Amino acid sequence: QSALTQPASVSGSPGQSITISCTGTSSDIGDYNYVSWYQQHPGKAPRLMIDDVTNRPSGVSNRFSGSKSGNTASLTISGLQAEDEAAYYCSSYSSSSTLILFGGGTKVTVL
Amino acid sequence: QLQLQESGSGLVKPSQTLSLTCAVSGDSISSGSYSWNWIRQPPGMGLEWIGYIFPSGSTYYNPSLTSRVAISLDRSKNQFSLKLNSVTAADTAVYYCARARVKYGDYVAFDSWGQGTLVTVS
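Protein chains in written order, with my numbering: chain A, 1 to 111; chain B, 112 to 233.
Keep in mind the hints are simulated off the structure, nothing from the lab.
Just so it is clear, the structure is predicted and the values come from calculations on it, not from any experiment.
Note that CB positions come from ideal geometry on N, CA and C, so glycine has one too.
Don't take every hint at face value.
Claimed, not checked - Negatives, chain B to chain A, calculated, CB over 10 Å: (1) S118; (2) L122; (3) K124; (4) S144; (5) F165; (6) S167; (7) R179; (8) V180; (9) N189; (10) K194; (11) N196; (12) G225; (13) Q226.
Claimed, not checked - The list that follows gives simulated cross-link-like pairs (lysine-lysine, DSS-like), each with its CA atoms no further than 25 Å apart: (14) B:K194 <-> A:K44; (15) B:K124 <-> A:K68; (16) A:K107 <-> A:K44; (17) B:K194 <-> B:K124; (18) A:K107 <-> A:K68.
Pulled out of the complex, with its shape left as it was, chain A reads as follows (with noise of 0.2 Å):
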């Protein structure tokens, strides 16, 4: 069971929007600002898409946005393309001893 808790999968149909939500607790997401995001596509190294919550590095499209409420944050896909299919993990810092806490993924598939 992972620490942060994410829905095991979302979908859409192209052009759509979604939003996949990662839950933690008042020691983590809720306390911090170091929430990340990342994409996993098959067999591939996960990609940083957001970062400080709501910070997209340089060159991850605008489609992608991060908000935080609580101890909950999300990542929104907004005009979902079919390249946007894969698997998505929360992170964040943790004032726990583990420091660094994954979500268990979600699986965004484009219908």
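Keeping the supplied structure of chain A fixed, place chain B upon it in accordance with the hints.
Same frame as chain A, but now just chain B:
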């Protein structure tokens, strides 16, 4: 452009030691504001952070692995290494090395990853 490349044995026998190295190019591992990390992913499963080492040489490990893991630096070769002892089939995974950006010593995000290497314990 920063590049990380894992290397090491792809097959390890149970109870033996897994050893991997991450060669870094495009930046010095002695650069500030970063930590150097190992992360693994069992087949079909999610990501698990193993541990990190700072340029100073200080380390921190996931409590679930701390009794079996060691991460070290080789500044002369600009690389860092992972050793995991007493391995079992549960340690079979793709192992990634990654650079993490840090603020005031706290993890922010993994901004660069190696391609990953599959290690099978059998």
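Satisfaction of hint between K68 (chain A) and K124 (chain B), Cα-Cα up to 25 Å: Violated, at roughly 44 Å.
Status of K124 (chain B), Cβ more than 10 Å from any chain A Cβ: At roughly 26 Å from the nearest Cβ of chain A, K124 (chain B) sits farther out than 10 Å, so the non-interface label holds.
No chain A beta carbon within 10 Å of V180 (chain B)'s: For V180 (chain B), whose nearest Cβ neighbour in chain A is about 13 Å away, the distance exceeds 10 Å, so it holds.
25 Å Cα cutoff - pair K107 (chain A), K44 (chain A): Cα-Cα ~14 Å, so holds.
Whether F165 (chain B) stays farther than 10 Å from all C-beta atoms of chain A, as the label says: Label holds. Min Cβ-Cβ 13 Å, cutoff 10 Å.
Check on L122 (chain B) being off the interface with chain A, judged by Cβ distance over 10 Å: 19 Å, holds
Distal placement of G225 (chain B) relative to chain A, Cβ over 10 Å: 7 Å, violated
Given as non-interface: S118 (chain B), partner chain A, CB spacing beyond 10 Å: Correct as stated: the minimum Cβ-Cβ distance to chain A is 15 Å, above 10 Å.
Assertion that K194 (chain B) lies farther than 10 Å from chain A (Cβ): Given a closest Cβ separation of 20 Å, the condition holds.
Given pair status - K44 (chain A), K194 (chain B), alpha carbons within 25 Å: 23 Å, holds
Distal placement of N196 (chain B) relative to chain A, Cβ over 10 Å: 21 Å, holds
Non-interface claim for N189 (chain B), where every Cβ of chain A lies beyond 10 Å: 20 Å, holds
Of the numbered hints listed earlier, those contradicted by the structure are 12, 13, 15.
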